[in-house]
Each structure stands twice: as structure tokens, then as C-alpha cells.
Amino acid sequence: MPVFLDSRQDDFETAFAALLGAKREDSPDVDAVVAGIIADVRARGDEAVLELTAKFDRLDLNADRLRFSEAEIEEHCSKVGEAERQALETAAQRIRAYHLRQMPEDQSWTDAQGATLGWRWSAVSAAGLYVPGGLASYPSSVLMNAIPAKVAGVERLAITVPTPDGVVNPLVLLAARLAGVDEIYRIGGAQAVAALAYGTQSIAPVDKITGPGNAFVAAAKRRVFGKVGIDMIAGPSEILVIADGENDADWIALDLMSQAEHDESAQSLLITTDADFGRAVAEAIDKRLETLERRAIAGASWRDFGAVITVRDLDEAAVLSNRIAPEHLELCVADPESLAAKCIHAGAIFLGQWTPEAIGDYVGGPNHVLPTARSARFSSGLSVMDFLKRTTMARMTPESLRAIGPAAEVLAQSESLEAHGLSVTARLDKLNR
Numbered sequence: 010m011p012v013f014l015d016s017r018q019d020d021f022e023t024a025f026a027a028l029l030g031a032k033r034e035d036s037p038d039v040d041a042v043v044a045g046i047i048a049d050v051r052a053r054g055d056e057a058v059l060e061l062t063a064k065f066d067r068l069d070l071n072a073d074r075l076r077f078s079e080a081e082i083e084e085h086c087s088k089v090g091e092a093e094r095q096a097l098e099t100a101a102q103r104i105r106a107y108h109l110r111q112m113p114e115d116q117s118w119t120d121a122q123g124a125t126l127g128w129r130w131s132a133v134s135a136a137g138l139y140v141p142g143g144l145a146s147y148p149s150s151v152l153m154n155a156i157p158a159k160v161a162g163v164e165r166l167a168i169t170v171p172t173p174d175g176v177v178n179p180l181v182l183l184a185a186r187l188a189g190v191d192e193i194y195r196i197g198g199a200q201a202v203a204a205l206a207y208g209t210q211s212i213a214p215v216d217k218i219t220g221p222g223n224a225f226v227a228a229a230k231r232r233v234f235g236k237v238g239i240d241m242i243a244g245p246s247e248i249l250v251i252a253d254g255e256n257d258a259d260w261i262a263l264d265l266m267s268q269a270e271h272d273e274s275a276q277s278l279l280i281t282t283d284a285d286f287g288r289a290v291a292e293a294i295d296k297r298l299e300t301l302e303r304r305a306i307a308g309a310s311w312r313d314f315g316a317v318i319t320v321r322d323l324d325e326a327a328v329l330s331n332r333i334a335p336e337h338l339e340l341c342v343a344d345p346e347s348l349a350a351k352c353i354h355a356g357a358i359f360l361g362q363w364t365p366e367a368i369g370d371y372v373g374g375p376n377h378v379l380p381t382a383r384s385a386r387f388s389s390g391l392s393v394m395d396f397l398k399r400t401t402m403a404r405m406t407p408e409s410l411r412a413i414g415p416a417a418e419v420l421a422q423s424e425s426l427e428a429h430g431l432s433v434t435a436r437l438d439k440l441n442r
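Throughout the sequence shown, residue numbering follows our numbering, covering 10 to 442 in sequence.
Simulated from the structure, these hints should not be mistaken for laboratory data.
Bear in mind that the values here come from a model prediction, so they are computed numbers and not experimental data.
Glycine is no exception: its CB is placed at the ideal position from the N, C-alpha and C atoms.
Hints are supplied without guarantee of correctness; some may be wrong.
Label pairs and their in silico Cβ distance ranges [what the hints assert, rightly or not]:
hint	residue 1	residue 2	range
1	79	127	39 to 45 Å
2	128	21	33 to 39 Å
3	131	84	33 to 39 Å
4	127	78	43 to 49 Å
5	80	30	48 to 54 Å
6	63	234	25 to 31 Å
7	343	98	33 to 39 Å
8	234	31	25 to 31 Å
9	383	127	33 to 39 Å
10	419	325	48 to 54 Å
11	419	26	32 to 38 Å
Taking lysine-lysine and the DSS-like style, the derived pairs with C-alpha atoms no more than 27 Å apart in a straight line are [claimed, not checked]:
hint	residue 1	residue 2
12	236	159
13	236	398
14	88	159
15	351	159
Use the sequences and the hints to build the structure in full.
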């Protein structure tokens with residue numbers, strides 16, 4: 010059974026703190042194994058990748074077949090049905106249009122002292138996208154990771170997608186084509202992350218790696234960070250719905266199950282001002298769990314990590330929401346915009362009862378790669394900014410150096426960095442001759 014809490018109860022704070030502190034991530038101790046895999050790939054390159062692919066994916070390859078050929082991509086893309094093709098094209102168009110608006114502008118100005126200052130934005134040269142295989146092979150994630158990279162101006166975009174037993178998901182390859190991916194490799198696991206980070210004889214290294222994966226992939230991303238950039242270490246999916254009593258209980262039940270069906274460790278939470286409505290939602294969930302295809306997964310998630318929380322008013326709901334800092338936040342209330350203004354910690358907010366979170370997963374436009382495990386308190390979802398670098402620019406004139414240089418001399422002296430100060434002094438001395 011999920012947890013039922015009421016903010017009016019004396020033990021609410023203790024129970025709510027326990028809910029926040031519940032450990033959901035499955036974190037097996039894989040770091041030592043991953044460290045060995047990365048070292049092996051760095052030492053032996055393709056040979057190590059091929060051996061590990063045979064071991065973990067039961068797929069025997071040679072170096073020439075690590076990368077999908079254009080003919081293979083075309084063949085698999087041709088297998089996609091027209092309805093699915095059109096849906097992917099719609100999603101790609103909307104995601105691209107949204108992320109184009111995120112592109113920042115270069116800036117340059119001359120201040121009162123005559124110094125010209127500013128910044129410019131430039132894309133990383135190469136990015137790698139990890140795409141999970143098997144049951145968690147999602148073409149939507151390809152679009153969400155690859156399109157922002159291409160919008161940012163990344164010249165070379167490579168993806169790795171494991172194909173256990175040689176099984177290929179044609180939708181993934183079509184999504185890659187629609188997104189403008191340049192290279193597709195049929196490898197996965199920590200070895201794929203290592204290959205992207207350090208390169209092999211057949212795979213050139215990249216500058217940044219994004220994309221979800223299992224515990225081995227997450228551990229590998231942690232280990233290669235610094236050599237390359239990474240997006241985030243994502244945990245199990247989560248959703249918080251804040252709803253008043255003027256909603257369809259079955260709609261809210263389905264919204265909660267849309268995340269529960271991802272993973273047994275996913276978390277679905279409902280905060281409501283109407284206790285009777287909360288019970289109605291729980292009953293609707295029980296009914297849906299009788300027929301959902303992934304009912305075993307969704308049921309375990311709801312049983313172990315789900316909660317229905319009754320609060321006094323929506324202001325209290327916003328306070329609790331900010332403590333939860335959910336990945337996905339649905340506001341199914343009469344005035345969602347006003348409530349959203351008070352909810353400052355959330356990966357993505359969905360306004361009103363006609364905006365189910367599932368729209369955001371596919372065709373809404375905003376990115377579905379979002380911070381989990383309360384990290385929305387300090388981080389954001391994937392965007393074009395993840396593939397851009399800001400370089401600051403400064404140009405002094407003799408007059409501006411004369412105006413501000415003495416302050417630099419003083420600060421350099423205070424930090425006992427003599428050459429710093431002298432590099433300014435030498436120029437000022439010439440000006441003052």
C-alpha cells in the first residue's frame with residue numbers, strides 16, 4: 010500500500026521526512042568493475058570493446074561492424090510504420106523549435122573606462138549520446154538528447170546503442186536520422202562510455218557525453234567526468250501531482266502510473282486539498298493496476314514508494330513541493346500559473362488538468378531529460394546550454410588600463426603574486442613616461 014499522510018497529523022513532519030529520505034536508487038557496488046572496463050578499453054581499444062560486447066550483449070562483431078552503415082540505417086528506418094514515422098517527425102519538429110529559442114546571444118560593450126568587454130558562445134566540437142538498449146530503448150530520448158546538441162551547433166554527434174542478441178529498434182535509428190546524428194555504434198555499457206571518452210581505433214573521442222543508462226553506465230560517466238563533460242547522473246523517474254478535488258480521479262491515477270510504470274524504484278506522489286479525492290485516486294490506481302501491461306512494475310513502485318498527502322491549502326502544497334523538488338510536477342488546480350510561481354524547485358512543470366506529463370515526454374517541446382532525486386533544487390533539465398561554452402572577452406585601451414590598472418597592482422601585491430602586478434606595472438610605466 011502507498012503511504013497516506015495528512016499535514017494536520019501530529020507525526021506528519023516525521024513521516025514526511027521519512028518519505029523524502031527513502032532510498033530508491035539501486036546502487037550496487039559496480040565501481041571496481043567499471044574501473045576495470047574503462048582501463049581495458051583505454052589499453053586495448055576496439056579489441057576490448059568487441060570482447061565486452063560479445064560478453065554482455067551476446068553479439069559477435071568485428072571492428073568494421075561497430076558502426077551502423079548508411080545502408081543498414083536506411084534498411085531499418087524503412088521498417089518504421091507511417092504513423093510512428095509521422096509521430097517522430099512531429100516530436101522532432103516541436104523539440105527543435107523549442108530549443109532554437111534557448112540559443113543565447115553573444116554580447117559586447119564598452120564601459121565607462123573605455124574597456125571593451127563581453128562574451129561569446131560556441132558549441133563543443135563533438136558529443137556522444139548514450140542510448141539504452143533492450144526494454145529501455147526509447148527513441149524519444151534520442152530526440153531529446155540529440156536535437157539540442159545539433160541546435161547548439163555540435164559538428165559531430167555520435168550515439169552508442171546496444172543491440173543485445175543483434176536486435177535493433179528501427180525507431181531509434183529513425184530518431185537518430187531525424188535528429189541529425191552523424192555516427193551510430195551498436196555498443197553499450199561502461200565500455201561504450203569509455204570508448205566515447207577516450208576513443209578507440211574505430212571511435213573518435215568526444216567532448217561531452219549525455220544520455221541515461223543503468224548503474225554501470227552511471228558509474229562510468231562519473232569516472233570519465235573531467236576527461237569529458239557529462240549531463241547528469243539520473244536516478245529513477247518521479248512525479249508529483251498537486252490536485253484539488255475538481256479533477257477526474259482516473260486521469261490523475263493514470264498520470265501517477267505514467268511514471269510508476271518506468272521502474273519499480275520510480276516514485277509517484279499526490280498532494281491534494283481533498284482527502285476524499287485522494288482516496289478516489291488511490292482506488293482508481295488499484296483498478297488500473299488490474300489491466301496495465303506493466304502492472305507488475307507500476308504496482309511495485311506505487312506500493313513501495315507512492316504516497317497520497319492531504320494538505321490544508323495550496324500554499325502548504327507549494328511548500329511541500331519545494332522540499333520534494335520533483336523531476337515532474339503537475340499542477341491540476343483552477344489557477345495553475347499562480348501556484349507555479351510558488352513552486353521554485355522542479356525539473357518541469359505541467360500546468361492544468363489538460364497537460365499530462367506524458368505530453369512532455371514526447372511532443373510538448375521542452376526537454377524530458379530532467380534532474381531527479383531532489384537535484385532540481387540546484388540543477389536544470391538538458392538544454393542547448395549543455396552543449397555550449399561561454400568564452401569571456403576583454404580588450405583594454407591605454408586609457409582604460411591607466412584607469413583600472415592600479416587597482417590590479419594593489420590586489421596582486423596583496424596576494425603576493427609579484428609577476429601579476431609587474432605585468433600591469435610595466436605597461437603603466439610605458440604610458441606614464
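Hints, verified against the model:
The hinted range of 39 to 45 Å is satisfied by residue 79 and residue 127, whose Cβ atoms lie roughly 42 Å apart. A beta carbon spacing of about 48 Å between residue 128 and residue 21 contradicts the range 33 to 39 Å that was offered as a hint. Between residue 131 and residue 84 the beta carbon distance is about 36 Å. The supplied range of 33 to 39 Å therefore holds. Taken as a hint, the range 43 to 49 Å holds for the pair residue 127 and residue 78, whose Cβ atoms sit roughly 45 Å apart.
Checked against the hint of 48 to 54 Å, the C-beta distance between residue 80 and residue 30 comes to roughly 53 Å, which is consistent with it. Evaluation of the 25 to 31 Å hint for residue 63 and residue 234 yields a pass: the beta carbon distance comes to about 28 Å. As the Cβ distance of residue 343 to residue 98 is approximately 36 Å, the hint placing it in 33 to 39 Å holds. About 27 Å separates the C-beta atoms of residue 234 and residue 31, a value consistent with the hinted range of 25 to 31 Å.
Range check, residue 383 to residue 127: Cβ separation about 36 Å, and the 33 to 39 Å hint holds. Hint check: residue 419 to residue 325, Cβ distance near 53 Å, so the stated range 48 to 54 Å holds. One distance hint, 32 to 38 Å for the beta-carbon pair residue 419 and residue 26, is violated here, with the actual separation near 50 Å. Of the pairs offered as hints, the one joining residue 236 and residue 159 holds, with about 22 Å between alpha carbons and a cut-off of 27 Å not exceeded.
About 16 Å separates the Cα atoms of residue 236 and residue 398, which keeps this hinted pair within 27 Å; it holds. With a C-alpha separation of about 25 Å, the suggested pair residue 88 and residue 159 falls inside the 27 Å cut-off, and the hint holds. Distance check on the hinted pair: residue 351 and residue 159 sit about 34 Å apart at the alpha-carbon level, beyond 27 Å; violated.
In summary, the numbered hints that this structure violates are 2, 11, 15.
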